[in-house]
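Letter by letter, the chains look like this.
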Amino acid sequence: MPTYIRLRGGVFGLAEDGFTTVADDEVLPPGDVIVSLTRFQADGERLLSEGRQVGVRIASDEAVEALAYDLPQIAVVALEYPKFRDGRAFTSARVLRERLGFKGEVRAVGDVLRTQAGFMVRCGFDAFEPADGSSVEDWDRATRRFRHVYQRAADGRVPAFEARGV
Amino acid sequence: MYRYDTIDREMLADRSAEFREQVERRLAGDLAEDQFKPLRLMNGLYLQLHAYMLRVAIPYGALNPTQLRKLAWIGRTYDKGYGHFTTRQNLQFHWIKLADTPDILDHLASVDMHAIQTSGNCIRNITADPYAGATAEEIDDPRVWAEAMRQWSTLHPEFSFLPRKFKIAITAAPKDRTAAKVHDIGLVVRRARDGQLGFEVMVGGGMGRTPYIGSTIREFLPANRLFSYLEAILRVYNRHGRRDNSYKARIKILVAALGAEEFARQVEAEWEKVGASVDLPDTELARIRGAFAPMSFETLPAVSEAHEAAKASDPAYARFVRNNVKPHKKAGYGIVEISLKTVGETPGDATAEQMEAVADLAERYGQDDIRVTHEQNLVLPHVRLDDLPSVHAALRAAGLASANINLASDIIACPGLDYCALANARSISVAQHIAQKFADPDRAERVGELKIKISGCINACGHHHVGHIGILGVDKKGEEFYQLTLGGSGAEDAAVGQALGPALPYDRVADAVDTLVETYLRERHDGERFLDTFRRTGVAPFKEAVYADVH
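As given, the protein sequences belong to chains A and B, one line each in that order.
If you're matching positions, the first sequence starts at 19 in our numbering and goes up one per residue.
If you're matching positions, the second sequence starts at 12 in our numbering and goes up one per residue.
Quick caveat, the hints were computed from the structure, so don't treat them as lab data.
Fair warning: there could be bad hints in the mix.
Listed next, the in silico SDA-like pairs over lysine to any residue satisfying Cα-Cα at most 25 Å (straight line) [claimed, not checked]:
| # | chain 1 | residue 1 | chain 2 | residue 2 |
| --- | --- | --- | --- | --- |
| 1 | B | Lys284 | A | Arg117 |
| 2 | B | Lys48 | A | Arg132 |
| 3 | B | Lys284 | A | Arg170 |
| 4 | B | Lys48 | A | Asp104 |
| 5 | B | Lys176 | A | Ala77 |
| 6 | B | Lys48 | A | Ser152 |
| 7 | B | Lys284 | A | Asp104 |
| 8 | A | Lys101 | B | Glu32 |
| 9 | A | Lys101 | B | Ala260 |
| 10 | A | Lys101 | B | Pro49 |
| 11 | B | Lys178 | A | Ser78 |
| 12 | B | Lys176 | A | Pro100 |
| 13 | B | Lys48 | A | Arg159 |
| 14 | B | Lys178 | A | Thr133 |
| 15 | B | Lys284 | A | Gly119 |
| 16 | B | Lys284 | A | Gly174 |
| 17 | B | Lys284 | A | Thr133 |
| 18 | A | Lys101 | B | Gly40 |
| 19 | B | Lys284 | A | Arg175 |
| 20 | B | Lys284 | A | Ala84 |
| 21 | B | Lys176 | A | Ser78 |
| 22 | A | Lys101 | B | Asp41 |
| 23 | B | Lys284 | A | Val176 |
| 24 | A | Lys101 | B | Leu58 |
| 25 | A | Lys121 | B | Trp282 |
| 26 | A | Lys121 | B | Ala287 |
| 27 | B | Lys48 | A | Pro100 |
| 28 | B | Lys284 | A | Gln91 |
| 29 | A | Lys101 | B | Trp282 |
| 30 | B | Lys176 | A | Glu80 |
| 31 | B | Lys284 | A | Asp88 |
| 32 | B | Lys48 | A | Ala149 |
| 33 | A | Lys101 | B | Lys259 |
| 34 | B | Lys48 | A | Leu131 |
Predicted model, so just to flag it, every value in this text is computed and none were measured.
Could you put together the complete structure from these sequences and hints?
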């Protein structure tokens, strides 16, 4: 089974990926699947009624708000980085966590690099499929790099402006 | 001035350590150049034609003498003994070795400086009025807000991979010295009738290939809601700005495509959802404001005898005062502009010795305060008029007494083909040739305010679109040609210049500018600046004169 990096309770670890990512033209295998937004909108209800876990893959030009009413039933939202420079998924992750209150897994997929680890965690990602061969240790180190943050974001870290007030 | 606390210092130390590790990986061959490029760009390190260039951030253009001396020392130790002040109030070192950069960043951090976000598709250094805290015109000190924005924008987790770079300017004075209307966001501090402090928010100004003047999307934003509103703007831009074509990726293109009204509507809708949790608490604003508390100015008579005597006896001093010294809010003080546009030199360059001379003056006569202007000059914002003759003498000794602020030889020029990998044509030598035409200071003063701005390519780093006379270098079959535009302005009367006519070859540019100026002198009415005359007459007389000359 393929593996990916997961952040649970503040600890990075390697996890086996129980989900199969299915392209739109592929026949659905049994078990837990991650499908595109289009496919989810067409077949989502049926898939969920089959008792399996369902994840949805959101392209960088799609709005996560499209999932607003389905989120309680969705296990994983996979946000795509077609190129690491395409930063739309950072916004999508924050909207999922801070506005839509999503509690499931938010996974970074595509051109996912360790140099963005800190930003991703701050925006609410908790699962990562690195494209640069980076390890759990690399991700752990990268996200511990900065002792302080200046902004409030989705990770609950205390921003400098609040830390100073204490 | 704002003093970094433990949190600010540890941010820089952590950043510096991160970059050291990245450089080590690059030098060891663990990182290929294409993987390293985005990392080095996040630390202001560019690979130029001959060497690496390191762009050091000077937040809102404010420096203390210790910092300026450190920049001088870095210039002497790691560069060729000088640095180049930029139109973003930053400083560039053009001859840097990659292996030295981690040490340089450590040295910068030791004086609370850094190169964070001086490049890349992120929120860049915040521009603010270089006269902040010194001019009587302002209704609040814009540095308070600029410093708060510096912190908010530093390593912002959501907005570090925007469609394109993002520049913010803030001013609190009616006379705009920040080019706010050609920034991605321009903020003008306003006070409501009931005394409440707030901002006029302009969005979508910019230069480059498609210049735009910013549109006001909110007449009055309550000051304590600044950060939630900025997040709303950035979020709309991050989601909807174009990413398919880097030339169409700036926010100005999105604002133009949607229309300012629709863009404003989307921002307001997003803002409502963002809520106030990202806004700074009043206690933090008060802490930052405290750092910019008014200096302890002496109570002085409005007229200084030493100053008046020097004006009467020394014509060079009198000229310097006429052009380079601006009114201060306190009687007996002046704002002193130091020109980095000595005729024959590279606009914006300062040698290590000159930087040290300015640092000494700031310490001795200037309340430890130095500013950088977006027009690539330096400012001592608080000098007693009694001390002005001594300051002038010291500047003269350092080769920094050119009395040409806002005159024809006070030219903005990008580094151009002498350094830059993007350039089509030289900028610096064109600036030098034009400046020669106005080397006679009497003539330059007779011409009066004239903003000449030169870019070596369409990316417009030299702000040519908003020059009273703008000059753009283009490549025509391997030869350097220059397109001239007239009537632009980056100030409160902002406008994009209009084309004069066909591009001119390199060796005709300075003569053409000379002809434009002669035409202005012939056409002008009493009290008109070049820009005013052009706006009254239109392009016709200028065009006729230049092209009659060419043929």
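Structure-based check of each hint:
1. B:Lys284 <-> A:Arg117: holds (8 Å)
2. B:Lys48 <-> A:Arg132: holds (15 Å)
3. B:Lys284 <-> A:Arg170: Holds, because 15 Å separates the two Cα atoms, which is no more than 25 Å.
4. B:Lys48 <-> A:Asp104: Holds - the C-alpha atoms of A:Asp104 and B:Lys48 are around 16 Å apart, at most 25 Å.
5. B:Lys176 <-> A:Ala77: Holds, at about 23 Å.
6. B:Lys48 <-> A:Ser152: Roughly 18 Å between the alpha carbons, so the hint for B:Lys48 and A:Ser152 holds.
7. B:Lys284 <-> A:Asp104: Judged against 25 Å, a Cα distance of about 24 Å means the pair holds.
8. A:Lys101 <-> B:Glu32: It holds: about 24 Å lies between the C-alpha atoms, which stays within 25 Å.
9. A:Lys101 <-> B:Ala260: At roughly 15 Å apart (the allowed maximum being 25 Å), B:Ala260 and A:Lys101 satisfy the hint.
10. A:Lys101 <-> B:Pro49: holds (12 Å)
11. B:Lys178 <-> A:Ser78: Cα-Cα ~24 Å, so holds.
12. B:Lys176 <-> A:Pro100: holds (19 Å)
13. B:Lys48 <-> A:Arg159: holds (21 Å)
14. B:Lys178 <-> A:Thr133: holds (23 Å)
15. B:Lys284 <-> A:Gly119: Holds - the C-alpha atoms of A:Gly119 and B:Lys284 are around 13 Å apart, at most 25 Å.
16. B:Lys284 <-> A:Gly174: holds (18 Å)
17. B:Lys284 <-> A:Thr133: With a Cα-Cα distance of about 30 Å, the restraint between B:Lys284 and A:Thr133 is violated, given a limit of 25 Å.
18. A:Lys101 <-> B:Gly40: holds (23 Å)
19. B:Lys284 <-> A:Arg175: holds (21 Å)
20. B:Lys284 <-> A:Ala84: Judged against 25 Å, a Cα distance of about 16 Å means the pair holds.
21. B:Lys176 <-> A:Ser78: OK: B:Lys176 and A:Ser78 at ~19 Å, within 25 Å.
22. A:Lys101 <-> B:Asp41: holds (21 Å)
23. B:Lys284 <-> A:Val176: holds (21 Å)
24. A:Lys101 <-> B:Leu58: Within the cut-off at roughly 22 Å; holds.
25. A:Lys121 <-> B:Trp282: Answer holds: A:Lys121 to B:Trp282 is near 23 Å, not above 25 Å.
26. A:Lys121 <-> B:Ala287: holds (22 Å)
27. B:Lys48 <-> A:Pro100: Holds: B:Lys48 and A:Pro100 sit about 18 Å apart, inside 25 Å.
28. B:Lys284 <-> A:Gln91: Holds: B:Lys284 and A:Gln91 sit about 24 Å apart, inside 25 Å.
29. A:Lys101 <-> B:Trp282: At roughly 28 Å apart (the allowed maximum being 25 Å), B:Trp282 and A:Lys101 break the hint.
30. B:Lys176 <-> A:Glu80: holds (23 Å)
31. B:Lys284 <-> A:Asp88: Holds - the C-alpha atoms of A:Asp88 and B:Lys284 are around 20 Å apart, at most 25 Å.
32. B:Lys48 <-> A:Ala149: holds (17 Å)
33. A:Lys101 <-> B:Lys259: Holds. A:Lys101 to B:Lys259 sits at ~18 Å (cutoff 25 Å).
34. B:Lys48 <-> A:Leu131: holds (14 Å)
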